[in-house]
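Visitor: The lines below spell out each chain.
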Amino acid sequence: MMRIIATVRIALRALRRNKMRSLLTMLGIIIGVASVICVVGLTTGATKQVEDQVRSLGESVLTVFSGNFTSGAVKGGWGSAPTLTVDDAQAIAQLPNTVAVSPEVRDREQVLANGLNWNTMVQGEGPDYPQIRNWKIASGVMFTEQDVRSLAKSAVLGKTVVDELFPNENPLGQVIRVRNIPFTVIGVLAPKGFTLWGQDQDDVVLVPYSSHMHRITARNFVNSILVEAASDGVIDQVQQEITDLLTARHRSLEPDFTVRTQLELMQRVSDTSQQMVFLLSGVAAVSLLVGGIGIMNIMLVSVTERTREIGIRMAVGARARDIVVQFLIEAVTLSAIGGAMGIALGVGSAMLISALKHTPSVTPAQWIAVAFASSAVIGVVFGFYPAWKASKLDPIDALRYE
Amino acid sequence: MSSVIKLEEVHKVYHTGEVDVHAVRGVSLEIRRGEFVAVMGASGSGKSTLMNMLGCLDHPTKGKYLLDGIDVSGLSRDELADIRNEKIGFVFQGFNLLARTSALENVELPMLYVHHRVRGSEQRQRAMNSLEIVGLAKRADHHPNQLSGGQQQRVAIARALVNQPALLLADEPTGNLDSQTSIEIMGVFQKLNDQGITIVMVTHELDIASYTRRNVIMRDGHVVTDEPVKKRLIAEDELRKLREAQQAVNLA
Numbered sequence: 164m165m166r167i168i169a170t171v172r173i174a175l176r177a178l179r180r181n182k183m184r185s186l187l188t189m190l191g192i193i194i195g196v197a198s199v200i201c202v203v204g205l206t207t208g209a210t211k212q213v214e215d216q217v218r219s220l221g222e223s224v225l226t227v228f229s230g231n232f233t234s235g236a237v238k239g240g241w242g243s244a245p246t247l248t249v250d251d252a253q254a255i256a257q258l259p260n261t262v263a264v265s266p267e268v269r270d271r272e273q274v275l276a277n278g279l280n281w282n283t284m285v286q287g288e289g290p291d292y293p294q295i296r297n298w299k300i301a302s303g304v305m306f307t308e309q310d311v312r313s314l315a316k317s318a319v320l321g322k323t324v325v326d327e328l329f330p331n332e333n334p335l336g337q338v339i340r341v342r343n344i345p346f347t348v349i350g351v352l353a354p355k356g357f358t359l360w361g362q363d364q365d366d367v368v369l370v371p372y373s374s375h376m377h378r379i380t381a382r383n384f385v386n387s388i389l390v391e392a393a394s395d396g397v398i399d400q401v402q403q404e405i406t407d408l409l410t411a412r413h414r415s416l417e418p419d420f421t422v423r424t425q426l427e428l429m430q431r432v433s434d435t436s437q438q439m440v441f442l443l444s445g446v447a448a449v450s451l452l453v454g455g456i457g458i459m460n461i462m463l464v465s466v467t468e469r470t471r472e473i474g475i476r477m478a479v480g481a482r483a484r485d486i487v488v489q490f491l492i493e494a495v496t497l498s499a500i501g502g503a504m505g506i507a508l509g510v511g512s513a514m515l516i517s518a519l520k521h522t523p524s525v526t527p528a529q530w531i532a533v534a535f536a537s538s539a540v541i542g543v544v545f546g547f548y549p550a551w552k553a554s555k556l557d558p559i560d561a562l563r564y565e
Numbered sequence: 572m573s574s575v576i577k578l579e580e581v582h583k584v585y586h587t588g589e590v591d592v593h594a595v596r597g598v599s600l601e602i603r604r605g606e607f608v609a610v611m612g613a614s615g616s617g618k619s620t621l622m623n624m625l626g627c628l629d630h631p632t633k634g635k636y637l638l639d640g641i642d643v644s645g646l647s648r649d650e651l652a653d654i655r656n657e658k659i660g661f662v663f664q665g666f667n668l669l670a671r672t673s674a675l676e677n678v679e680l681p682m683l684y685v686h687h688r689v690r691g692s693e694q695r696q697r698a699m700n701s702l703e704i705v706g707l708a709k710r711a712d713h714h715p716n717q718l719s720g721g722q723q724q725r726v727a728i729a730r731a732l733v734n735q736p737a738l739l740l741a742d743e744p745t746g747n748l749d750s751q752t753s754i755e756i757m758g759v760f761q762k763l764n765d766q767g768i769t770i771v772m773v774t775h776e777l778d779i780a781s782y783t784r785r786n787v788i789m790r791d792g793h794v795v796t797d798e799p800v801k802k803r804l805i806a807e808d809e810l811r812k813l814r815e816a817q818q819a820v821n822l823a
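As given, the protein sequences belong to chains A and B, one line each in that order.
Numbered by my numbering, the letters in the first sequence go through residues 164 to 565 in order.
Numbered by my numbering, the letters in the second sequence go through residues 572 to 823 in order.
Errors might be hidden in some of the hints.
As the list claims (entries may be wrong) - Below, in silico cross-link-like pairs of lysine-lysine (DSSO-like), each with a Cα-Cα straight-line distance of 27 Å or less: (1) A:LYS555 x B:LYS762; (2) A:LYS211 x A:LYS355; (3) A:LYS182 x A:LYS211; (4) B:LYS802 x B:LYS762; (5) A:LYS299 x A:LYS211; (6) B:LYS633 x A:LYS555.
Since the hints were made in silico from the structure, they are not lab data.
This structure is a prediction, so every number in the text was calculated from the model and none was measured.
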């Protein structure tokens, strides 16, 4: 052990002797490790955010979208086809394993209030929406089933809309105008933040879906239906039941709707991040390879430069193994320091980017460990040939080397 | 059993290119404990080859070499390395110290490769003792480039002594030194030899050889002369004479 420490000290001294060269040699490893760690940090952060968000949406939540987006021709996308109705939603609510249903209609509208105006998403929802979305009302109340039936002109505002239309004012009881129709503010939602797509979830005005359909947009179909299942365990079952129910109700050969679960979304996200990780591993492998070749190159130069030193060490009794170990440790020290610097740089830049871009960054400990270990392994692999070459020198020739 | 070196009909042939070079052609030599031998000869006489074999840096092609009672002619590379570490101290013409490494650490170097581990504090102690023997204890933390040639060679001698070898091998130890420093170094060797250390030295300078006790002269791979030194010079006397001469010059 002490001999290892002594050898590491010798290695550090040899590397210090050529600071610039050592740094340039490490650069390959530093950049490779840093870029991987940085991107992994940001990707993991984003993935975690998505997962948190999906979880906050409720893991037992399903969304029924209208429109068959799987057919080949040009389509308006999910929720664009006029196939889902409020009756569909009520039929779904009758299913045994559903606890709450909210028909959804969405529209961007210019909202006026208080002499100010703001373009925002005006969303028609059912009274159970906050419960399904796991979203608290910060002040005031949510509209009720009664409000839905009476096409009440009540609105619940998101935090962003409050900030824009009622700065420094209590919005409760105030009136906002959508397409010149006055809605009374009866509640304010708790802030929820951004989605991972960068969408501000608080930039929203909730109104009863009936009011939306009849007073604002005048239509008789909904964009989607939000369904909460009784538990996570019955989601697949509920998905199947909804599919069967709507297929029967719509009497269409091909389903003209899609039922998505949050689990599917989560699955998709983790699939994507899995692919990202594979891609990154490839990039990491290539950059470590390049870094390793750089180390091998410099170690070969170092062996040549220090031929006489090797000769001296052999003359005073160093065995081949001692020489191999010395140069291997030197190569590993080089690559491990490079790896450590790369990790520091990678974590640092991920933190910087996440601070600048307001995106989370999480660098998993196992990636740091893997990055460090693989740079050390690179040192062993690419340091071995030069070290072996050094140990095979003839002491007489090495001593005579100028 | 008191012979440190015993060569029996040792040959060395180099197979370089098309011609085989027969560098050493049957040398038999016995050197006893406490001897101080100079091996001399013109370049190409085979003395360097002989020296490499004596130093266990090279195998004889034919013949037998007993070092301190051990037959080393058939040992592997690593076994030879161990023998060098335990039995032999080298002093080279070009000093061969590690640059940018303190004198003390240079002296500690052979102990790094000792089989039974030497503790760090003991290493330092032994290295300091060695440096004291050659009179350089005060320069222990100096680097080779801060030392004169004579001082560097003393560090090299201290390094050669640190593992208490059976044999001190010096290859042209005064080749890079001026005449006064050369005599000083020979003084160090004489002092060591007086303490019983066996020294074999290669040189081509006759006056340097006359500080030893026995001269072996080689030609064309053979030992042609092997005799005790008749008019042995004593380094201390020679140094005194030199100083007196210098003083005389200054006075004049």
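Visitor: Run every hint past the structure and note whether it holds.
Guide: Outcome of the hint check:
1. Of the pairs offered as hints, the one joining LYS555 of chain A and LYS762 of chain B is violated, with about 38 Å between alpha carbons and a cut-off of 27 Å exceeded.
2. Only pairs whose Cα atoms come within 27 Å are accepted, and LYS211 of chain A paired with LYS355 of chain A is accepted, the gap being roughly 16 Å.
3. Distance check on the hinted pair: LYS182 of chain A and LYS211 of chain A sit about 40 Å apart at the alpha-carbon level, beyond 27 Å; violated.
4. For the hint linking LYS802 of chain B to LYS762 of chain B, the alpha-carbon distance of about 18 Å falls within 27 Å, and the restraint holds.
5. Under the criterion of a C-alpha separation no larger than 27 Å, the hint pairing LYS299 of chain A with LYS211 of chain A is consistent with the structure, at around 22 Å.
6. Among the hinted pairs, LYS633 of chain B with LYS555 of chain A is consistent with the structure: their alpha-carbon atoms are about 23 Å apart, no more than 27 Å.
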